[in-house]
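Peer 1: Sequence:
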Amino acid sequence: MKIDKNTINMILKMNDDRLWSTIKLAISRSGTDALKDIKRPEDMTKLREILSNLTDADIERVTALLSGKGGKK
Numbered sequence: 001m002k003i004d005k006n007t008i009n010m011i012l013k014m015n016d017d018r019l020w021s022t023i024k025l026a027i028s029r030s031g032t033d034a035l036k037d038i039k040r041p042e043d044m045t046k047l048r049e050i051l052s053n054l055t056d057a058d059i060e061r062v063t064a065l066l067s068g069k070g071g072k073k
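Note that the working numbering has the sequence shown beginning at 1, numbered continuously upward.
Calculated from the structure, these hints are not laboratory results.
No residue lacks a Cβ here, since even glycine has one placed at the ideal position from N, Cα and C.
Careful, some of the hints might be misleading.
Calculated cross-link-like contacts (lysine-lysine; reagent style DSS-like; alpha-carbon spacing at most 30 Å) [claimed, not checked]:
| id | residue 1 | residue 2 |
| --- | --- | --- |
| 1 | Lys5 | Lys39 |
| 2 | Lys2 | Lys36 |
| 3 | Lys13 | Lys2 |
| 4 | Lys24 | Lys39 |
| 5 | Lys5 | Lys24 |
Each pair of labels, with its calculated beta carbon distance range [unchecked claim]:
| id | residue 1 | residue 2 | range |
| --- | --- | --- | --- |
| 6 | Lys2 | Glu42 | 16 to 26 Å |
| 7 | Lys13 | Asp43 | 16 to 26 Å |
| 8 | Ile3 | Glu49 | 10 to 20 Å |
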């Protein structure tokens, strides 16, 4: 699945449990072991706010990082 602003807007319509599951799935598919250190926030409001304010450039950077292609800026 290509991640773009429309995809972000679609997942933001999910309830908190489903949103968190989707985020964990995306991270796990990236091949990173970052999930061991990540805990679900009790209040997902801030996470939703951050996701809703992502620009296309932000999404491209995150996609590159999750695919292992993101280097230092």
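Peer 1: Assess, step by step, whether the Cα of Lys13 is no farther than 30 Å from the Cα of Lys2, and give holds or violated.
Peer 2: Measuring from Cα to Cα gives roughly 18 Å; hence the hint holds.
Peer 1: Can you confirm whether the C-alpha distance between Lys24 and Lys39 stays at or below 30 Å?
Peer 2: It holds: about 10 Å lies between the C-alpha atoms, which stays within 30 Å.
Peer 1: Taking 10 to 20 Å as the stated bounds, is the beta-carbon spacing between Ile3 and Glu49 within them?
Peer 2: 18 Å, holds
Peer 1: For Lys5 and Lys39, compute the direct alpha-carbon distance and say whether it is at most 30 Å.
Peer 2: 24 Å, holds
Peer 1: Does the Cβ-Cβ separation between Lys13 and Asp43 fall within 16 to 26 Å?
Peer 2: Hint holds: Cβ distance 18 Å, inside 16 to 26 Å.
Peer 1: For Lys5 and Lys24, compute the direct alpha-carbon distance and say whether it is at most 30 Å.
Peer 2: 19 Å, holds
Peer 1: In this structure, is the beta-carbon distance linking Lys2 and Glu42 contained in 16 to 26 Å?
Peer 2: 31 Å, violated
Peer 1: Is it true that the CA of Lys2 sits at most 30 Å from the CA of Lys36?
Peer 2: Holds. Lys2 to Lys36 sits at ~25 Å (cutoff 30 Å).
When the structure is compared with the earlier hints, a violation turns up for hint 6 alone.
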